[in-house]
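Participant: Here's the letter readout for the chains.
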Amino acid sequence: AQKITQTQPGMFVQEKEAVTLDCTYDTSDQSYGLFWYKQPSSGEMIFLIYQGSYDEQNATEGRYSLNFQKARKSANLVISASQLGDSAMYFCAMKPLNRDDKIIFGKGTRLHILP
Amino acid sequence: DGGITQSPKYLFRKEGQNVTLSCEQNLNHDAMYWYRQDPGQGLRLIYYSQIVNDFQKGDIAEGYSVSREKKESFPLTVTSAQKNPTAFYLCASSRPGPYEQYFGPGTRLTVT
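Keeping their order, the protein sequence lines are chains A and B. Each residue of the first sequence is one higher than the one before, counting from 1 in our numbering. Each residue of the second sequence is one higher than the one before, counting from 1001 in our numbering.
Quick caveat, the hints were computed from the structure, so don't treat them as lab data. Please note: incorrect hints may appear among the correct ones.
With a straight-line cut-off of 27 Å between C-alpha atoms, the simulated DSS-like cross-links for lysine-lysine are [unchecked claim]:
#, chain 1, residue 1, chain 2, residue 2
1, A, 107, B, 1009
2, A, 102, B, 1057
3, B, 1009, B, 1071
4, A, 107, A, 16
Calculated Cβ distances over 10 Å to all of chain A for the following chain B residues [unchecked claim]:
#, residue
5, 1013
6, 1017
7, 1022
8, 1041
9, 1053
10, 1062
11, 1063
12, 1067
13, 1068
14, 1079
15, 1086
16, 1094
17, 1100
18, 1101
19, 1103
20, 1110
Source: prediction; values computed, not measured. In this text, a Cβ means the ideal position worked out from N, Cα and C, and glycines have one as well.
Let the hints inform the model, and build the full structure from the sequences given.
Facilitator: What follows is the structure in structure tokens.
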């Protein structure tokens, strides 16, 4: 069975510091994709970054990077130089790529950036 | 501008009434999804559809129904059989393969 685990229900980080949000996953699929989404208090889900299981390099998108460790089944999100606007809920998700199936979401981590 | 629209943003209903939540996309995506989110919680999959005229139950389908008569539209009906329907409902769509889901802005349903 596929599963996403986010062990940090909440985090408090000082503005301008880097922050790492943890995500581990479990799957028997060989080909899969990993996603991170941000959900501000308004409720919309914002796609941040994607990592394919066969990608050798860690994905980066601006201040976001994904620390992908395939052997450990870990896909942590790193936000550099955090800003007050980064305060939100963050969800890790996984999707098999070689078959039609749904995306599995973790329970999320609520990030609070302190001024 | 391509995207997903959900209407209305806020919806109030009396207990015992069925209510239909709208979801429309103009992204030409084959797959569409409905999620429920309770306060401070993650997303739970209600129903999903990979293609027109076909849909599958997700993890919490009881008390809900859907239809997929058009590629662009995937309405969700919350029936009176749903014991605790008050929640935030999110609709999403995606292409097959290594692509993200696009989400609508959501509908907050309150049943009293």
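Participant: A separate judgement is required for each hint: does it hold in the structure or not?
Facilitator: Do the hints match the structure? See the list:
{"no.": "1", "hint": "A:107 with B:1009", "verdict": "holds, 23 Å"}
{"no.": "2", "hint": "A:102 with B:1057", "verdict": "holds, 11 Å"}
{"no.": "3", "hint": "B:1009 with B:1071", "verdict": "holds, 22 Å"}
{"no.": "4", "hint": "A:107 with A:16", "verdict": "holds, 26 Å"}
{"no.": "5", "hint": "1013", "verdict": "holds, 19 Å"}
{"no.": "6", "hint": "1017", "verdict": "holds, 23 Å"}
{"no.": "7", "hint": "1022", "verdict": "holds, 16 Å"}
{"no.": "8", "hint": "1041", "verdict": "violated, 7 Å"}
{"no.": "9", "hint": "1053", "verdict": "holds, 15 Å"}
{"no.": "10", "hint": "1062", "verdict": "holds, 17 Å"}
{"no.": "11", "hint": "1063", "verdict": "holds, 19 Å"}
{"no.": "12", "hint": "1067", "verdict": "holds, 18 Å"}
{"no.": "13", "hint": "1068", "verdict": "holds, 14 Å"}
{"no.": "14", "hint": "1079", "verdict": "holds, 22 Å"}
{"no.": "15", "hint": "1086", "verdict": "holds, 15 Å"}
{"no.": "16", "hint": "1094", "verdict": "violated, 8 Å"}
{"no.": "17", "hint": "1100", "verdict": "violated, 4 Å"}
{"no.": "18", "hint": "1101", "verdict": "violated, 6 Å"}
{"no.": "19", "hint": "1103", "verdict": "violated, 4 Å"}
{"no.": "20", "hint": "1110", "verdict": "holds, 14 Å"}
Violation of the numbered hints given earlier is confined to hints 8, 16, 17, 18 and 19; the remaining hints are satisfied by the structure.
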